[in-house]
Amino acid sequence: MSSWLDYTINGLIVGNVYALVAVGLALIFGVSRLINFAQGSIYLVGAYIGWVAVVRLHTPLPLTIIVVAAATAVVGLIIERFGLRPLQNSVRIAPLLATIGISFVLDQLVMLTFSPNPRALPSQLPDVRFQLGGGTIGPLDLLIAGVGLTSALLLFVFLRYTKLGWAVRATAQDRDAAMQMGVDVNRVNQAVFGIAAALGGVSGMLVGMYYNQIDTAMSLQATLKGVVAEVVGGAGNVPGAVIGSLLLGLVESYGVAVFGTSYRNLFAFLLLVVVLVLRPNGLFASARQAPPEPLTGTFIAPSRPVRIPRWALLVAAAAFAVLPFFPVSSYVLQTLINAWLLGMLALSLTLVAGTIGQVSLGHAALLAIGAYTSALLSLTLAVPVGLAVIGGGLMSAALGTLLISPSFRLRGHYVSIATLAIGEIVSLVILNWESVTRGPIGISGIPPLSLFGHDLISPLSVYWFSFAVMLVLALVQGRLLGSHLGRSFRAIRDDDIAARAYGLSLNRYKSLAFIFGGFAAGVSGGIAAHLYSYINHETFNTQQSILALTVVILGGLGNVVGAIVGSVALVGLPELFRIAAEYRILIYGIVLLLLVRFRPQGLLGTI
Amino acid sequence: MSNIDRRTLVRGSLAAMMAGAAFSRAALAQSAEPILLGVSGPLTGPNAQYGAQWKQGFDLALDEIHAAGGINGRKLAYQFEDSQSDPRQSVAIAQKFVSDPRIVMELGDFSSPASMAASPIYQRGGLVQFGFTNSHPDFTKGGDFMWSTSVSQADEQPLLASYAVRRLGLKKLAVLHLNTDWGRTSRDHFVKAAKEYGAEIAVTEGYIAEERDFRSTLVRVRDASPDGLILISYYSDGALIARQARQVGLKQTICAASSVYSPKFLELGGEAVEHVHLGTRYFPEDPRPEVKKFIAGFKVKYNGQEPDAFNAYSYDAMNMAAAVVKIGGTDRRAIRDAFAKVKDVSSVIYGQATFDVESRRVKGAMNAELVVRKGQFALWDGKPT
Chain D
477 MSSWLDYTIN
487 GLIVGNVYAL
497 VAVGLALIFG
507 VSRLINFAQG
517 SIYLVGAYIG
527 WVAVVRLHTP
537 LPLTIIVVAA
547 ATAVVGLIIE
557 RFGLRPLQNS
567 VRIAPLLATI
577 GISFVLDQLV
587 MLTFSPNPRA
597 LPSQLPDVRF
607 QLGGGTIGPL
617 DLLIAGVGLT
627 SALLLFVFLR
637 YTKLGWAVRA
647 TAQDRDAAMQ
657 MGVDVNRVNQ
667 AVFGIAAALG
677 GVSGMLVGMY
687 YNQIDTAMSL
697 QATLKGVVAE
707 VVGGAGNVPG
717 AVIGSLLLGL
727 VESYGVAVFG
737 TSYRNLFAFL
747 LLVVVLVLRP
757 NGLFASARQA
767 PPEPLTGTFI
777 APSRPVRIPR
787 WALLVAAAAF
797 AVLPFFPVSS
807 YVLQTLINAW
817 LLGMLALSLT
827 LVAGTIGQVS
837 LGHAALLAIG
847 AYTSALLSLT
857 LAVPVGLAVI
867 GGGLMSAALG
877 TLLISPSFRL
887 RGHYVSIATL
897 AIGEIVSLVI
907 LNWESVTRGP
917 IGISGIPPLS
927 LFGHDLISPL
937 SVYWFSFAVM
947 LVLALVQGRL
957 LGSHLGRSFR
967 AIRDDDIAAR
977 AYGLSLNRYK
987 SLAFIFGGFA
997 AGVSGGIAAH
1007 LYSYINHETF
1017 NTQQSILALT
1027 VVILGGLGNV
1037 VGAIVGSVAL
1047 VGLPELFRIA
1057 AEYRILIYGI
1067 VLLLLVRFRP
1077 QGLLGTI
Chain R
8 MSNIDRRTLV
18 RGSLAAMMAG
28 AAFSRAALAQ
38 SAEPILLGVS
48 GPLTGPNAQY
58 GAQWKQGFDL
68 ALDEIHAAGG
78 INGRKLAYQF
88 EDSQSDPRQS
98 VAIAQKFVSD
108 PRIVMELGDF
118 SSPASMAASP
128 IYQRGGLVQF
138 GFTNSHPDFT
148 KGGDFMWSTS
158 VSQADEQPLL
168 ASYAVRRLGL
178 KKLAVLHLNT
188 DWGRTSRDHF
198 VKAAKEYGAE
208 IAVTEGYIAE
218 ERDFRSTLVR
228 VRDASPDGLI
238 LISYYSDGAL
248 IARQARQVGL
258 KQTICAASSV
268 YSPKFLELGG
278 EAVEHVHLGT
288 RYFPEDPRPE
298 VKKFIAGFKV
308 KYNGQEPDAF
318 NAYSYDAMNM
328 AAAVVKIGGT
338 DRRAIRDAFA
348 KVKDVSSVIY
358 GQATFDVESR
368 RVKGAMNAEL
378 VVRKGQFALW
388 DGKPT
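Protein chains in written order, with the numbering used here: chain D, 477 to 1083; chain R, 8 to 392.
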């Protein structure tokens, strides 16, 4: 019995830690309706500035906090001014991509400055422990709770009772109306980013002290857990974010208690999906609150796609088809094989995200389902590889659509967050369902690709095979977009209420899109499995989902040719930057930012 | 308009890539040129710290090899390609190395998914993939071009179990392990050996690498009332668990796998890792000459920094590569055959390393039983803690 008290206390303690990140995310979401993927990076920057202050400058704790808050606030202001403000009149999705690019750049800068080795960040508080239940808590637990609650309270008061706070809320509700009423929207945004960044920085430092450890990998994890907590509490709702965090901590802790440690994150993400399905606005949103997303589809703004003449496409396809006849190295072919495999994933995502407007952040899960199905079919049931890959595609289509269907009623950012959670759930199920997936050991000895009894082993044959598969999928998808079905998809994206009024069944069309998209992604995963010969739960990870989304946005949402061009660019660029060694991901991030800045609608535009 | 420019840019850069590859093919290795090894490993991304440690070990070994006259008068060098431990990138790197005639063998990658995805390419391309941190039991089954000096967990874990059960007298154990292919394999070998030695396994808990909070896991451990905690962890998560175990009031003996052996473990763990026992392959006061040389050389080269397990692995790997190239020359197949021929290569981990031709691995890792005393690793004095 006393153990349950301990689990509860532990859940609250870790929830406390999540709350620090969630509050900053909630604040930014509240004003600019933006999931700030760079918040975790600011948290990282704060932790390292704290390290410099404590270990090098020997500042006392209050001064450390002030230094970290001030420095990260400046970082936040710079991000707002130079990263996001230029994008405020462009597509709503551009800032999202910009924050991803900014987080790459910040993480890399920290890594290059401080080396990737973890560092100890000693706590500056006296080391006394208070007995609580079966365990103990220290002064840092109290300080973290204090900072979390105080900042939530202060923000609440600020938003409710100050003039700038009103301006913030007015901007959040209706940006244009606020501007007409004379609110300086830019100043509001600046204030919000500064505050959120200062909070993020201080929380990174405190959490670093709490664990006596900081390293450059902490940024993505912080963002993930923070987003979950924030959405559970109700996106944009600051007190809700705190309660959502505590709830998340409790659910994780009880999950560990009942099922064991390896199920921990499974419960975190299940909680998120359940909350989103039952209460899409979060647990603490009032029923009368204005909907968090605009009613009509301004999330993906239409733009004029670049028309590419048919002959140019034919020439390009022919050029890539005959490329292996020229003296190119296998390395170039392998790089392009990777691009074609990513291209299939991007085709899938550009259909569900671009054409029908369901921006998925968990698309790697579809790869994983296809890969595992194909690998297991060919290994345990001795199904020929060609058929196994198709089987992988079908399984991915069926299972993927089934898993995502509960989130069909969601809109805009919420779809992204739900799919992010579903992606994590799939990966954790693969890790824990050992009797089928072999758990962390993974599946080795997967047979190579083969077609009608001939093994496709040489880079040449794999190149042609993957290029042909991608081309077929692209052609089918191109036809689809031009058909009645494609127009229905776009109608749902642009205005789902109007589409419904015209008698389109939203769920049925969304299912159709996910079935087709799931198939393409599953085939890509299946081919990858046979190419790699070994897969485990880490092979298809969140980074791949983010990469796929980047490709799709870069190419132009819904744009078939754009998806392929984007894949070639984003597989090719990091390879081209190899010469820069440690700096290459930094350069990649900067290039990404520039592209978003100067061509937010994507290279080829939204179709 | 501007799109077309960018499209041309992409095409143009692809063309440049091809031209570059063709050029390198034309430039034949000349005897004045160093003998080039390819390294595929993480320099960025979540595992970047291990790539940085590899470099330190490689560079130290290269300094010593060159001071001793190099490989028959020629220098040895390596080309480190960043894979982020991502299988997509490691396969591209594999093709790059296979099609680059200057590369005589490859070292790495770090994680199993990245390494084993590239294995078919190395095997078919006839280039040795020397995976010196690849403990996955199936790694060397990828083909006769896959060789590994990674300590097999079937060897290491019984040593740790013997330390915990026979020497420290622990009878009821809680095992916490990283839930990766390495952690899982290690756990299975450990549990098997510990049971053979007569201990009871009270509970095993697998955690993912990104985990930082272990308080709830430790409540489960406490409720199983073990008399010892076994950590199959790396140094950063091992330090976190030790700290939180002490914070929640667990006072049991902690015994950890050799992968926590790092000065960082002491720095990150602080007082909480005092009296933690660990089995390692070498230790600071080790009288073996190769260890003395390694530690002294490392401290001189890196401003007094103590080397850790990953530094030792990469140092050994570069020395092994040098020994192999000395026998096999620069022909890729001859190099593969040379792996079966090298005998008793001086090694920090093994003392003397010789490959078992059947499994393409090295057996018989050295063993030292250490304990943390006053913030330092020390040989265990036999006193209970």
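You may find that some hints are simply not true.
[Unchecked claim] Here are a few chain R residues that face chain D, going by a calculated C-beta distance under 8 Å:
| no. | residue |
| --- | --- |
| 1 | Pro94 |
| 2 | Ser126 |
| 3 | Ala200 |
| 4 | Ser232 |
| 5 | Gln254 |
| 6 | Glu292 |
[What the hints assert, rightly or not] Covered, in the sense of this in silico footprint (three residues per stretch, anywhere, with C-beta under 8 Å from a C-beta of chain D), are these stretches of chain R:
| no. | segment |
| --- | --- |
| 7 | 98-111 |
| 8 | 144-157 |
| 9 | 357-367 |
If you are wondering where the hints come from, they were derived from the structure by calculation, not from laboratory data.
Note that CB positions come from ideal geometry on N, CA and C, so glycine has one too.
Numbers of unmet hints, in rising order: 3, 4, 6 and 9
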